[in-house]
Amino acid sequence: MPVEPGNRLFPWQTKDSTRASSPRAGVEAQAATVTIPDDPVVWYPDNHNLDGIPGSRGIGRSYSSPFPKSALDVVPQVDFEDKYIPLPLQAQDLFDEMLPRELRLRVFSALISLHEEDHEQLKKSGKWSVLVATSSKNRWVGRNRAVRELVKLSRVSKLWRTLVFDGQLWQDVDLRAFPSTFLPSLVQLSGPFIKNLDLLGHKYFSPTALTDMAGGLCVRPAPIVNFTYTQLTAITLQGCTALTTQSLHGLLIRSPFLRSLNVKGLQAVTNATFDVLALCSQLASLNMSRCTNIDGDGVRAFGAAVMARGARLALRELWLCGLHMINDDALATLGKAAPHLEVLDLSYCRSLHNSALEAFVACVEGGEILGETISLTSRQVGRDPWDTRRYTRRVTALRHLSLSSCTMLTDTACSNLAYSVPRLELLELAGIGHTLKDDGLVHLLATTPSIRKLDLEDASDITDAVLEVLTPEPVVEGSTPSKTTTPPQPGHALEHLTMSSATNLTNDAFRALIRGCSNLRVLEADSTSISGTVLKEFVRQVCDRGINNAGLVVVDCRSVGERAIKDVVANSRPRKGWRSWEARKLGYLDGRDGEDLKVGQDECDEKRVVIKSFYSWQTVDAVRHVRERRKKTNKKSQCNSEQLSEPEDGVKLLGRMRWWVSGSRTSSGNSTPGEDSDRDGCVVM
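So in UniProt numbering, spot 419 of the sequence shown is number 419, and the numbers just go up one at a time.
Nothing false has been slipped in among the hints.
No more than 27 Å apart at the CA atoms, straight line, and that leaves these computed lysine-lysine pairs for DSSO-like: (1) Lys607 x Lys566; (2) Lys203 x Lys137; (3) Lys585 x Lys636.
Label pairs and their in silico Cβ distance ranges: (4) Leu99 x Trp578: 38 to 44 Å; (5) Asp174 x Gly126: 26 to 32 Å; (6) Lys632 x Asp174: 39 to 45 Å; (7) Ala304 x Lys536: 53 to 59 Å; (8) Asp602 x Leu114: 26 to 32 Å; (9) Gln92 x Leu153: 18 to 24 Å; (10) Ala465 x Lys137: 55 to 61 Å.
It is worth saying that the hints were derived from the structure and are not from the lab.
Cβ coordinates follow ideal geometry from the N, Cα and C atoms, glycine included.
Take the sequences, apply the hints, and build the full model.
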């Protein structure tokens, strides 16, 4: 049987007319071409006669083609002259290539400011609530969240890493949102630019890490300076209890521009630290409270070393809570060396005497006097009124003075300070006890017209005379104002008053104080004879004046009953709540959350008055109890919905259910499912 070329009966040849008609098919045909002999080939049906078939070697007949059906199934080995090569399309990076470096840094800086602005707008919009603030995704907000996002951007590329850790973005370093291991890498990249270093609470920060960090923070020595130094202006190491004295001094010696230092509670601080700080001529704020290895001799040497150079300390804030062995010489030297001191904390200094405070404001005859002075009579300084001598006192710049728990003091200390602290705004005299009398307090308070906060806790012997000196004279309606400017009266700026345990105070004095002090915001009168009528008067005055975050403490006041607390429940709250991740364990009740508990008051409403009493704390317990009951009910309903998939199964399960009661016998009573009672516990008959 003759087979022509192109015949379909030819076993090794396929022909597709549609594929050959397209141009692409022509290329495929050219890539896979089959050579056909010119002479016709005769094919016999007998499978034993294969002589006429080219390439036959005695194998069986096959109707499958060894060639691919399409040229796309194989890669042709022939190189074509006109290959289709796609042109590479490179996207231009406009941010990294077109913008200059300063603008790119400005963009990253705007990221931080935008996070801060967004958080402030969220709080003003009313959508920031306790449930939102205590969510895990809102643990870091504002600047802390922005800095964390900025660090994540450093993973994009090496170029972005250099931009993110540029020193211009890290002048203020607050590592509360980062672990201690992050600091070495930060200092290595942007150390010389850092000006504010805050390591608050990093108790495992090692001395070796601080020493290495001090080296990374140093600027390269200039031609005219033969030592390395940092540009730090503020350092906070409170809580870094693992530091040593050597590592601390190594950082302080290299910080000549230091203005603020907080080393509260560190054992590494010694009297030698004062010698190092004497070289910091710009130091304005120093917190060495609760440092047990320092005493009054170190303070005296600190001031003496500066005055020996003919200079004065630039200190404006000095915190020395719990200082040991404080004496007259130490405070006398401190008063001369620090004439611009505005904040002085000497609380819990058990060895502090009345004479030490007199030495602090006294002027020695023939000595160098800096600042304003005043000449007082013997009566004005609390001495014998028949004495004709004159006493010269310094007029200090103190605004905040804390002498709480200095048990050796009496009201004579207040007389020694009279006329020397006319700018005093905050005075703390808590924990002194019955030795604090009216005479010295009245003498001092009469010369402090700017007083805003006064703490007289445990001053059990004071009387209404103290409240009277703090009560401004009422303005007579219809009277014409005088042309001459009258000096301000003591109490006109009073905002916070603590009179705890002052049992001699009367309700009339409290009522006159509340009506006369228009700025009074917080009154702590626990363990006094204050009554419910005065409580209502305080709440009414605060609401009429529109004062926010007001508070009244009436714990252990027998004259304040449950009736008075219920009468002001519409304008009060038991606690002063705030919306923050740190407050997640306190369980504040926020009206923005819409919990609908039917009990309690909105604890985050600034317009409500915080009333702390025995009955208001019961409201806090009631809110907690309702939340626990609701949580248990939701769990039970969820379990029942999972177990009871069909109503019939539920009926069968309830029929077989037996309620367990402690004891060997089953007893009747409150064992009905779904009913909770407050009397489920033991009841004493």
